[in-house]
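With these hints in hand, go ahead and build the complete structure from the sequences.
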Amino acid sequence: MKVTRRDFFVTTAVAGVAQALPAAQEALQPAPEASARYDWIMGKWGTRFTDEQKSEIRRLLNDNEKGLASMRAYALTNDVEPAR
Amino acid sequence: MNVVGMSVRELGEHIRKREVSPVEVAETFLDRGERIGAKLNAYATLTRERALTEAREAEKEIAAGKYRGPLHGIPYAAKDLLAAKGYPTTWGARPYANQRFDFDAAVIRRLHDAGAVLLGKAAMIELAGGMGYRYGTASLQGGAKNPWNETCWTCGSSSGSGAIVSAMLAPFAIGTETWGSIICPSAYCGISGLRPTFDRVSREGAMALSYSMDKIGPMARTADDCGIVLSQISSFKYPRPTRALRIGWVMNAWKDVQPDIQKLTADALAVLRANAKVEDIALPEGPWEVAAGTTISVEGASAFDSLIESGRVAELTDPLGKIGGYVNATISGADYVRAQRIRTILRKKVDELFTHVDVLAAASLPVVATTMETNLETDLAFSDPLGGIGNFCGLPAISVPSGFTSKGLPAGIQFVGKFGDEDAVLAAANLFQSRTQWHLRTPPGV
Chain R
0 MKVTRRDFFV TTAVAGVAQA LPAAQEALQP APEASARYDW IMGKWGTRFT DEQKSEIRRL
60 LNDNEKGLAS MRAYALTNDV EPAR
Chain W
0 MNVVGMSVRE LGEHIRKREV SPVEVAETFL DRGERIGAKL NAYATLTRER ALTEAREAEK
60 EIAAGKYRGP LHGIPYAAKD LLAAKGYPTT WGARPYANQR FDFDAAVIRR LHDAGAVLLG
120 KAAMIELAGG MGYRYGTASL QGGAKNPWNE TCWTCGSSSG SGAIVSAMLA PFAIGTETWG
180 SIICPSAYCG ISGLRPTFDR VSREGAMALS YSMDKIGPMA RTADDCGIVL SQISSFKYPR
240 PTRALRIGWV MNAWKDVQPD IQKLTADALA VLRANAKVED IALPEGPWEV AAGTTISVEG
300 ASAFDSLIES GRVAELTDPL GKIGGYVNAT ISGADYVRAQ RIRTILRKKV DELFTHVDVL
360 AAASLPVVAT TMETNLETDL AFSDPLGGIG NFCGLPAISV PSGFTSKGLP AGIQFVGKFG
420 DEDAVLAAAN LFQSRTQWHL RTPPGV
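Here the protein sequences line up with chains R and W, keeping their order.
At position 68 of the first sequence the residue is numbered 67 (numbering that gives the first Met the number 0), and the sequence of numbers has no breaks.
At position 308 of the second sequence the residue is numbered 307 (numbering that gives the first Met the number 0), and the sequence of numbers has no breaks.
For the record, the hints were derived by calculation from the structure and aren't laboratory data.
Computed from a predicted structure; not experimentally measured.
Glycine included, every Cβ here is placed at the ideal spot set by N, Cα and C.
Misleading hints may appear alongside valid ones.
[Said to hold, decoys possible] EDC-like mimics (lysine to aspartate or glutamate), calculated; alpha carbons at most 20 Å apart, straight line:
#, chain 1, residue 1, chain 2, residue 2
1, W, K347, W, D420
2, W, K38, W, E26
3, R, K53, W, E308
4, W, K347, W, E284
5, R, K43, W, E308
6, R, K65, W, E284
7, R, K43, W, E314
8, W, K348, R, D78
[What the hints assert, rightly or not] Facing chain R, a subset of chain W residues (Cβ under 10 Å, in silico):
#, residue
9, V289
10, G292
11, I341
12, L345
[As the list claims (entries may be wrong)] From chain W, some residues computed to sit far from chain R (all C-beta separations above 12 Å):
#, residue
13, A63
14, G85
15, R93
16, V270
17, E351
18, G419
19, Q436
Structure, rendered in structure tokens:
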């Protein structure tokens, strides 16, 4: 597995891990998990955001989800404990 | 005697011998802070009254024969996420613009006990970048300008600390790093910056961003100065006897390196090969950066949950900072724990790497300082496996100057050691600086 990209200066680091797709394509193919997380944010805080911010949040969640998917795909056996 | 630009070691000797007055030294640097610091957006606050009180006390003690050590009477700046009793501690962010604490952070207490003189609070990126940021201007104090070229940024999040040391507004400064925040400003600003092992330096009284990854460390003109300061803010002993070094030259630290940096890095490698045993080495591949990023994102969302919940993140300067916290708050507990399990695997792989070598070395960054207007999210997106691995595993690292590009901007080389082995990274950096002169250069016009 190879991480291909990170936004070095952006500590919402997960958002930058996956290669971004063109915005239009992303809008057509949101990951289901990203959509669920978007709905949760909007359900709780939706009135706080402008339309532009909502679009940005959707994009960040999609990028974020791709990064998380790469992490979930990494094989771990049951005996691997979390680092302390 | 002109004390501006002296190393901590050199200035400390003059103070010890009573050849210069700590009060005059403090006044000299306070004056520079007011004149040059303001121009560079380097300081959040100058602590003039405290500085002069501490300097007078140092002068009195030294005259009475009570010499505390190499930092006695030495002025410094502390990143504005460290509490300093009675002064604003803004964390670089508008929601905390009026925040004050009635105590000093542990690192400031240690420096006070060592006789050091606090000149002021160094400007920083808002919340150390904890909610994300897209521009170098993401700070309550405005973007910190690079003394080597004021149209360029200093990098962050220890942006003011980088500017202050580079512009010789103080002999050293305290910065912090969760991922890149000491190494990057040190490289951009042409100074030496040490990221200690995780938990080497107490974080009491420091803003928390990532409970398992935040580190506090010194930034100074030389690696030797970084060792001196670290020995005063932690239990680390310095100096230590010289040692033979095995250096692992990291072949896959950066994917695309600017041509100027490539040339300077090749020259730096030649210096290392002439003076130490160097072997090529490759970092293990895996989702380390994602796991480290997940950890910072979740811990940051937890650290600032009240800011997110209240909606006051909207008061942050940066457009990404206004929304990043909401995104991070949705990452699941299962994903966070998975990241910590991956950290366990990574630690084993890293331990294996350090059975072959004492330190890893690579260019500090693949680019030189960027302009203040650069969109960091779109224009500077690159993988940083060495920074990700080093910070996720809490490894010590140092960046020291490795030369200057044709446009006069500094480049850096970094050394990364195994957990707890600052001795090795300091030995490597001291070796490099004993064979090069780059750390002696100062920016024109300051």
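Evaluation of the provided hints:
For the hint linking K347 (chain W) to D420 (chain W), the alpha-carbon distance of about 16 Å falls within 20 Å, and the restraint holds. The suggested pairing of K38 (chain W) with E26 (chain W) holds, with an alpha-carbon distance near 18 Å, which does not exceed 20 Å. Restraint check: the Cα-Cα separation between K53 (chain R) and E308 (chain W) comes to about 17 Å, which is no more than 20 Å; the hinted pair holds. The straight-line distance between the Cα atoms of K347 (chain W) and E284 (chain W) is roughly 13 Å, inside the 20 Å bound, and the hint therefore holds.
Using a Cα cut-off of 20 Å, the hinted pair K43 (chain R) and E308 (chain W) holds, with the two alpha carbons roughly 10 Å apart. Simply put, K65 (chain R) and E284 (chain W) have alpha-carbon atoms about 17 Å apart, close enough for the 20 Å limit, and the pair holds. Proximity of K43 (chain R) to E314 (chain W) is assessed by CA-CA distance (about 19 Å); at most 20 Å being required, the pair is judged to hold. Distance restraint check for K348 (chain W) and D78 (chain R): the Cα-Cα separation of roughly 17 Å lies within the 20 Å cut-off, and the hinted pair is therefore satisfied.
At a threshold of 10 Å, the smallest CB-CB gap from V289 (chain W) to chain R is about 5 Å, leaving the interface hint in force. Hint on G292 (chain W) holds. Least Cβ distance to chain R is approximately 3 Å, under the 10 Å limit. The interface hint given for I341 (chain W) is met, as the beta carbon of that residue sits about 6 Å from the closest beta carbon of chain R, less than 10 Å. Given hint, L345 (chain W) at the interface with chain R, holds; its Cβ is 8 Å from that chain's nearest Cβ, closer than 10 Å.
For A63 (chain W), the condition that its CB be more than 12 Å from all CB atoms of chain R holds, with the nearest at approximately 47 Å. Every Cβ of chain R is farther than 12 Å from the Cβ of G85 (chain W); the closest lies at roughly 30 Å, confirming the non-interface assignment. A cut-off of 12 Å between C-beta atoms confirms that R93 (chain W) is not in contact with chain R; the least separation is 16 Å. With 12 Å as the threshold on Cβ separation, the claim that V270 (chain W) sits away from chain R holds: the shortest Cβ distance comes to roughly 26 Å.
Every C-beta of chain R lies more than 12 Å from that of E351 (chain W), the closest at about 16 Å, which supports listing it as non-interface. For G419 (chain W), the non-interface assignment is confirmed: its Cβ lies about 16 Å from the closest Cβ of chain R, beyond the 12 Å cut-off. Annotated as non-interface, Q436 (chain W) keeps its C-beta farther than 12 Å from every C-beta of chain R; the closest such distance is 29 Å.
Consistency with the previously given hints is maintained throughout, with no hint failing.
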